[in-house]
Structure formats: C-alpha cells, structure tokens
Amino acid sequence: MKNPDQSHKDEKSLWQAFQDGDEQAYELLYRNYFSLLYRYGRKFTPNINLIEDCIQDLFIGLWKGRQQLQQPASVKNYLLKSLRLRIFKQTSALTKSLYQQEIPEEYDTETMVSYEFELISRQTESEQHEKVNRALSHLSKRQKEAVYLKFYNNLSYQEVAAVMNISVEAVYNLISKSVALLQKSIHKIYFLLLVLIMS
Amino acid sequence: MDYSDFSAEDFALDEHFQQWVLAPDTNTARFWHRWLQAHPEKEPVIREAEAIVRQMSKDSDAPAAGREEAVWTNIYSHLRREEGFGQTAPSRSRQLRRPVFATYLPAWQKMAAGLAGFLLIAALLLIINQLMGTRYTTGFAETETITLPDGSRVILNANSSLKLSPAWHSDQAREVWLEGEAFFHVSKKPGAGNARFIVHTDHLQVEVLGTQFNVNNRRGKTKVVLTEGKVKLNDQDNDNNLLMQPGDYVEYSNQQTSFSRKKVDPLLYSSWKNNRLIFTDTPLGEVAHRLEDHYGLQVVFRDESLRELAFTGNFPANDLSFFLQVLSRSLDIAVTHDGNQIVIDQQPENQAPTLPE
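Residue numbers (our numbering), protein chains in the order written: chain A, 363 to 561; chain B, 9 to 365.
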C-alpha cells in the first residue's frame with residue numbers, strides 16, 4: 363500500500379497520546395493522513411484551496427476538542443468521514459453565498475478537462491495506461507469516491523458504506539459498475555494485442 | 009467460496025481476492041497460489057482481475073509539493089496563537105528547520121570543561137554556519153513555506169533560493185538574500201532592538217517594516233509588488249530610493265537603473281503561493297517566462313508576433329497539460345509540448361501562405 367497503513371495497535375496508542383496533549387503525536391497524525399485526506403477531497407471538488415482549508419479546520423478542531431473525543435474504531439475512517447462532512451458543509455454554504463459563481467466555474471473547467479483529455483487520449487490510443495485512465499475519467503464523482511475508498515484505502519464494503527453514509531448494496535453497485543467499465547477497456551487492449559500478435 | 013465459475017469482474021469485486029492483490033499476507037497468498045495450482049486454466053482470468061484491481065488502486069490526485077508543509081504551518085501558527093501550542097516541546101518540523109548551531113547552544117552551557125573536544129566541533133560548526141548562513145532552495149514546480157527565527161513567513165516559489173544572514177541578533181537588521189521569487193509576510197520584531205528587515209536581490213535592497221510583499225529576482229530584473237504595509241527600495245549604490253505604497257508594482261534592472269512604477273492588483277502577482285497561475289491580459293511572452301521559471305521548460309516561439317497576444321485565465325499550477333490545452337484553444341494557437349520544450353506557433357490553417365522564393 364502507498365498510504366501509511368499502521369497497525370491497529372499503533373494507531374490506537376498514537377490517538378491516545380494525541381488526546382493526552384502530546385504535540386508530536388498530533389503532528390504525526392497530521393503527517394500520516396494529509397495526503398490521504400487531500401486525495402479524498404479531490405474526489406468532491408477541484409477547488410484545492412477549499413480542500414486545504416477543510417483539512418486545516420478539521421485538525422484545528424481535533425486539537426481544540428481532543429478531551430471530548432472518543433477513541434474511534436478506525437482513525438483513518440473517522441478522519442475521512444469528518445473531512446467529507448466538512449467539505450459538504452462548505453460547498454453547500456458556498457453555493458448559497460456570494461461566491462455562487464465560483465463553483466459552477468470550477469466545475470466547468472473539470473468537464474473541459476475530460477473533453478480535452480478525450481481528444482488527447484484518442485491520439486495515443488495505443489498506450490494502455492492512457493486508455494485505462496480514460497475509462498476511469500468517465501466515472502461519476504460518487505464512483506470515483508467509492509473506488510478511492512475501496513481500492514486505494516483498501517476499506518471493506520461495510521467501511522466504505524459507513525464513510526459514505528449509504529447502504530453496503532449501494533456501495534457494491536457503485537464499485538461493480540466502475541469495475542465493469544474498466545474491464546471493458548482492458549479487454550479491448552487484450553483484444554488489440556491479440557490482433558497485433560496474429561498479424 | 010466456490011470460485012470456479014468466477015469471471016475477471018467477479019474476482020475484482022471479491023474482497024478476499026482484493027486483499028491478496030492490495031495487502032497480501034501469508035494466508036491470502038497461500039490460498040490463491042493453491043487455488044491457481046488447482047485451476048491453471050483460470051490463470052488469464054486471474055491476471056486480468058489483478059490488473060483491474062491494481063489499476064483501480066491508483067490515484068492521480070496527489071497534493072503538490074510543499075502543500076503538506078504549508079497547511080501545517082497554518083495549523084501550527086493558529087494553535088500557537090490560540091492554544092499556546094509549541095511552547096512546551098518544540099515540534100518535529102521546528103527542530104528540523106533550526107540551523108545546525110542552535111541545537112548545540114543549550115548543550116554548550118551545561119557542558120563541563122572536560123568535553124573540550126566536543127566544544128571544538130561545536131565551535132567549528134558555529135563558525136561554518138556564521139560564514140555560510142542558512143540556505144533554503146526549491147526545485148522546479150515546487151514551493152516551500154519557511155518560518156524565519158523571528159516568526160516571519162516566506163513562501164519560496166519554484167526554482168528559487170533564499171539565504172539568511174548568519175546572525176539574527178536583536179541589535180542587527182534581519183537580512184536575507186533572494187534568487188528567484190518569494191512572497192514575504194514579515195512580522196514586527198518582538199521586543200526592542202533593530203526592527204529592519206532587508207531583502208537583497210541582484211539589484212536592490214527591499215527594506216521593510218511589518219508587511220506583505222512579493223519579490224521576483226529573475227532575468228536580470230527585480231520586480232517588487234507590495235500587498236500590505238510599507239517598504240523602501242534602495243539601489244546598490246544607495247543613490248536612488250523609493251517608498252512603495254500597497255498595490256504598487258516596481259521594476260528595476262541594471263540596464264535601466266531607474267524605478268518604473270505602476271498600480272496593479274497584488275493578488276495576481278502572488279497567486280503562485282496558493283498554487284495557482286493567474287493572468288489578466290498578460291502578454292504571451294510574459295506567460296512563457298512564467299512557465300520557464302516555474303516548470304523549468306524552454307518555450308520557443310516559431311512566430312515572434314505571438315508574444316504580444318494577451319491572455320487571461322486562472323489555473324491550478326499543478327496541471328500543466330490542462331493549462332496548455334486551454335492556452336491553445338483560447339488564443340487559437342498551436343502549442344506542442346515535447347519533453348522539456350514547448351513550441352508555440354500559428355494554427356496551421358491560420359498561417360499566411362508562404363511564397364516560393
């Protein structure tokens with residue numbers, strides 16, 4: 363795994379030390395999870411300033427409220443879920459506020475990316491990873507979120523459901539549709555390779 | 009579980025199988041190796057499922073370099089202000105950032121005379137540090153947030169370096185030397201003593217009292233943009249000086265040896281520190297300079313007249329290919345990115361027909 367996957371026991375004692383006011387434990391928590399949380403935030407919004415603000419507030423809130431906190435069953439899942447709620451709160455507040463144009467504008471750039479991306483991908487169709495990326499870029503935001511939690515974070519279907527606050531069945535549907543999409547593109551590559559070898 | 013009728017898709021969705029690909033332990037590894045031995049005809053299906061799981065475990069949304077540090081600096085200074093954070097024991101990053109000699113100082117006082125050898129080494133380190141000062145550097149496409157000993161913050165842009173004067177004592181001015189570009193957030197010096205803060209560039213000294221400003225020392229010119237507060241500019245010989253107001257943009261080069269001043273929106277000049285590239289009616293030639301400075305690329309104009317085209321846009325700094333695509337589309341020009349080089353040209357259909365000679 364790419365992410366710092368500490369053993370359950372280490373995570374527990376780190377959290378305990380942080381709750382007891384150990385500043386180094388707190389900083390370690392931040393450093394262990396910053397990249398993971400940032401990547402997760404990107405599944406909801408391309409607005410990186412918003413993501414960074416939410417991570418910052420999340421950690422400041424953790425320190426200030428550390429005495430009232432419970433030891434979560436999984437620190438990682440707890441942080442992922444907290445960030446998710448924060449970003450949702452912020453984006454819905456943003457759309458209501460004066461900055462209303464900011465979000466649609468950002469979303470425009472995103473749809474443009476996938477359009478441009480398609481143009482480019484078409485030119486380098488022979489390359490496997492381009493094709494796979496293209497398939498993945500067609501996933502919906504919710505599919506991307508579920509795929510990130512399931513495969514990058516290696517959470518169980520049940521854990522993904524708890525973080526996303528939906529049923530296990532709904533998670534399974536999101537993931538299986540994503541897998542089907544990717545499989546199709548991989549299949550095509552295999553087929554192409556076969557044709558090349560035969561000819 | 010009977011896996012014999014499973015398709016690649018079914019395997020990819022199976023948690024036990026995912027576990028083997030993503031975080032194998034001896035149990036899962038043993039199970040799947042045995043299963044494969046018993047069902048050798050399933051090998052291609054298993055490989056395809058493995059490829060699917062591996063592809064899906066990739067993620068391309070990594071934060072840009074320096075962001076983890078920048079957000080941590082914000083958290084740290086917020087908690088320091090409101091919660092007295094960092095007063096009891098210095099945090100790990102602070103210890104790392106401290107110049108070498110500082111870690112020896114408390115030890116010095118406690119050290120008995122018998123440890124003279126150690127003292128000698130410490131003294132040597134101190135002398136070296138005095139001579140060299142502390143230096144921070146950034147590579148291409150990377151920014152770094154530095155907290156100076158007085159609490160001032162400097163965000164160093166890509167491909168830049170900042171040297172600190174060796175001594176930051178209360179009776180001396182705080183001095184730094186800049187190559188490249190940086191945004192300064194200078195805090196008022198705590199307590200009495202000399203409050204001057206000076207940024208040296210190849211051409212100028214920027215002298216400051218508690219303020220925020222951007223300095224760009226590249227391509228034989230120094231450009232200063234003031235966001236807040238007041239700064240004074242002195243040229244090398246101290247013949248010319250100028251007092252800047254917020255919103256001022258001042259350019260100086262050794263060729264001109266005079267200050268040229270205009271009013272700008274300071275946010276546009278420091279947008280890089282939030283990892284964004286912002287241009288408003290910026291000539292394409294200047295946009296090219298930004299790309300060269302930030303990413304270390306070489307930009308070639310096949311048609312020099314294109315340098316004058318004005319470009320407006322707001323982009324994340326970590327997505328070069330997206331930026332180039334929009335550049336090409338909005339100005340209707342051909343932009344090709346090949347390795348370390350970007351070539352800018354007219355769109356083929358727009359080219360004036362060339363007459364045979």
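Keep in mind that the hints are not guaranteed to be accurate.
[As the list claims (entries may be wrong)] Here are the computed lysine-lysine pairs in the DSSO-like style, where the Cα-Cα straight-line distance is at most 27 Å: (1) A:Lys546 - B:Lys50; (2) A:Lys503 - B:Lys66; (3) B:Lys196 - A:Lys539; (4) B:Lys66 - A:Lys443; (5) A:Lys443 - A:Lys546; (6) A:Lys506 - B:Lys66; (7) B:Lys171 - B:Lys196; (8) B:Lys50 - A:Lys539; (9) A:Lys374 - A:Lys443; (10) B:Lys66 - B:Lys50; (11) A:Lys546 - B:Lys271; (12) B:Lys231 - B:Lys171.
Rather than coming from a laboratory, the hints here were simulated on the basis of the structure.
Comparing the hints with the structure gives:
1. Restraint check: the Cα-Cα separation between Lys546 (chain A) and Lys50 (chain B) comes to about 19 Å, which is no more than 27 Å; the hinted pair holds.
2. Restraint check for Lys503 (chain A) and Lys66 (chain B): satisfied, since their Cα atoms lie roughly 16 Å apart, inside the 27 Å limit.
3. Our distance criterion of 27 Å between C-alpha atoms is broken by Lys196 (chain B) and Lys539 (chain A), whose separation comes to about 58 Å.
4. This hinted pair checks out: Lys66 (chain B) and Lys443 (chain A) have alpha carbons roughly 21 Å apart, not beyond 27 Å.
5. About 32 Å separates the Cα atoms of Lys443 (chain A) and Lys546 (chain A), which puts this hinted pair outside 27 Å; it is violated.
6. Only pairs whose Cα atoms come within 27 Å are accepted, and Lys506 (chain A) paired with Lys66 (chain B) is accepted, the gap being roughly 11 Å.
7. Restraint check: the Cα-Cα separation between Lys171 (chain B) and Lys196 (chain B) comes to about 20 Å, which is no more than 27 Å; the hinted pair holds.
8. Our distance criterion of 27 Å between C-alpha atoms is met by Lys50 (chain B) and Lys539 (chain A), whose separation comes to about 23 Å.
9. Proximity of Lys374 (chain A) to Lys443 (chain A) is assessed by CA-CA distance (about 18 Å); at most 27 Å being required, the pair is judged to hold.
10. Restraint check for Lys66 (chain B) and Lys50 (chain B): satisfied, since their Cα atoms lie roughly 25 Å apart, inside the 27 Å limit.
11. Distance hint between Lys546 (chain A) and Lys271 (chain B) is unfulfilled; the C-alpha atoms sit about 56 Å from each other, more than 27 Å.
12. Between the alpha carbons of Lys231 (chain B) and Lys171 (chain B) the distance comes to roughly 18 Å, so the proposed pair stays at or under 27 Å and holds.
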